[in-house]
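**Student:** Assemble the whole structure, with the sequences as input and the hints as a guide.
Protein chains in written order, with this note's numbering: chain G, 1020 to 1285; chain L, 55 to 299.
For the record, the hints were derived by calculation from the structure and aren't laboratory data. Ideal Cβ positions, reconstructed from N, Cα and C, are used throughout, including at glycine.
Far from chain G, by Cβ distances over 10 Å, these chain L residues were calculated:
(1) LYS109
(2) GLU185
(3) PHE189
(4) ASP191
(5) GLY206
(6) GLU252
(7) ARG254
(8) HIS261
(9) LYS267
(10) ASN277
(11) ILE282
(12) GLU295
(13) PHE297
Partial list, derived from the structure: chain G residues whose beta carbon lies under 10 Å from chain L:
(14) TYR1030
(15) LYS1032
(16) LYS1043
(17) TYR1118
Subject to a maximum C-alpha distance of 27 Å in a straight line, what follows is the list of computed DSS-like cross-link-like pairs (lysine-lysine):
(18) G:LYS1039 x L:LYS188
(19) L:LYS201 x G:LYS1135
(20) L:LYS181 x G:LYS1029
(21) G:LYS1043 x L:LYS181
(22) L:LYS240 x G:LYS1116
(23) L:LYS162 x G:LYS1135
(24) G:LYS1022 x L:LYS136
(25) G:LYS1039 x L:LYS157
(26) L:LYS184 x G:LYS1032
(27) L:LYS201 x G:LYS1032
(28) L:LYS109 x L:LYS138
(29) L:LYS136 x G:LYS1276
(30) G:LYS1032 x L:LYS162
(31) G:LYS1116 x L:LYS246
(32) G:LYS1105 x L:LYS157
(33) L:LYS157 x G:LYS1116
(34) L:LYS184 x G:LYS1043
Spelled out, the chains give:
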Amino acid sequence: MRKFFHNIRKYYKYAIYSAKAELKSEVADSYLNWLWWVIEPVCFMLIYTFIFGTVFPNNEKYFASFVFIGLAAWEFFNRMITGSVKLIITNRDLVTKVYIPKYILLLSKSFTYLFKLFISLAIALGLMIFQGVPLTWHLIFAIPILIILYIFSFGMGLLLMHFGVTLNDLANLTNIGLRMVFYLSGIFYNITGRLKGKKLGPLRLSTLLLKVNPVAFCMNELRQVSIYASLPNFKWLGIWLVIALILCVLGIHVINKNENSYAKVI
Amino acid sequence: MAESKKKIAITVQDLHITYRGLKKTSIRASWKKLGSKVELFHALKGVSFEVEEGKILGIIGKNGSGKSTMLRAIAGIFSPDKGKIDLHGNTISLLSIGVGFNKKLTGKENIYLSGMLLGFSEEEVAKKEKEIIKFADIGDFIYKPVKTYSSGMYSKLAFAITAILETDIILIDEVLSVGDAKFKEKSYNKMKELISDEHRTVIIVSHSLDTIKELCDEVLWLNDGEVIEMGSPDEVLPKYEEFMK
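**Tutor:** Right under this line is the structure:
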């Protein structure tokens, strides 16, 4: 772990610079340039709100904001996971030619995703104001929730990044997994409302889906503090923080141990 | 030569490198392979040598004899399966062309990207930026995206970055010829200037025996992952030429 923090200090500037460079290059050739970072999430939101607000009617209050907050959190998680599986392979040139702690690659990538997340959240905030959602001080709890989501995604990403080097079909597997999580996370429906009373054995299904799935949990808590002006569930936030930290420690350990062999494989 | 000058810059001890273990596989294949033996390829089989500070070591050997593997191991890209590599605290870089370039960004931005990747701070790169641009000598193209460069310009910039951002130890893997004739001469001279610095230790891998003869103080001859001989170019090169016939 000491090595990890030492490396972070040494390389974080590179991580930031390379993240900036990547963001810049993403839009370098396009006509509308950086506007795409705004247009894209707005369009997705419009599509989802139309489908799940009009095609499948829904009486959720402030539905557009509801969808958009969920979508922002989801998109971040989704990008982190899909991005990390192939990270080493897409950076083949780098990995085979110079030594760089491999988690720096993920760190840099995560900065670009964080940047997009913040744009989405800014749009979500605008939307909430537009819809007349009463803004309360509970909003500050969004910060710890997002931090937990980030640490969790980072830990998962580290592990997937490691296994993605040797297992060719991990990408297919994670795609299936992500699709499942996508529908189970209640991005466009309210888990508690939809699954009221349904049980799986002795447990309430809605509790299970909300607490056991960290994405759904973070999403739900985000909505609680932003739309419904209530306090987050501190107990479960704590539990997920611990799990997320354990994942990170595991991931860092695995990468530290194996990273020098990656160049031999790819 | 004074005693104090005999500082060792690189120590390689009984270096073994094997390609195996993390072999690419699919989940289906890995079920089948459980229990069966993995194929091993021994790239290096117990290589030991030392390089004094300020010396220039040339590594020769036929294709597949483990030269590039060794360079990458010394650069820290591979970890040894057995044995030790001690750099005695020196900074090191593998002189390779265009590492970490982002082709959609301008040459100037890529100088920073590549430089910081090699472990230099933003300030250090900023200090050398002018020198790099001057050496690369590609005019206004430095402000244009790298993808618009000709391949010659690309290598010129890449070479300039690695040549001007200096480290204590430089590893060179057959990159002595980039760009047009004029730049080639310039880069060759720069290379000579770089490596003749008495504090800089250099390892060169090359198939060009003339280059080795001209630049190196010592030659290491590798064959199939083993050291055949190490000594002065005058001793080793004739034997190597004889062997390769």
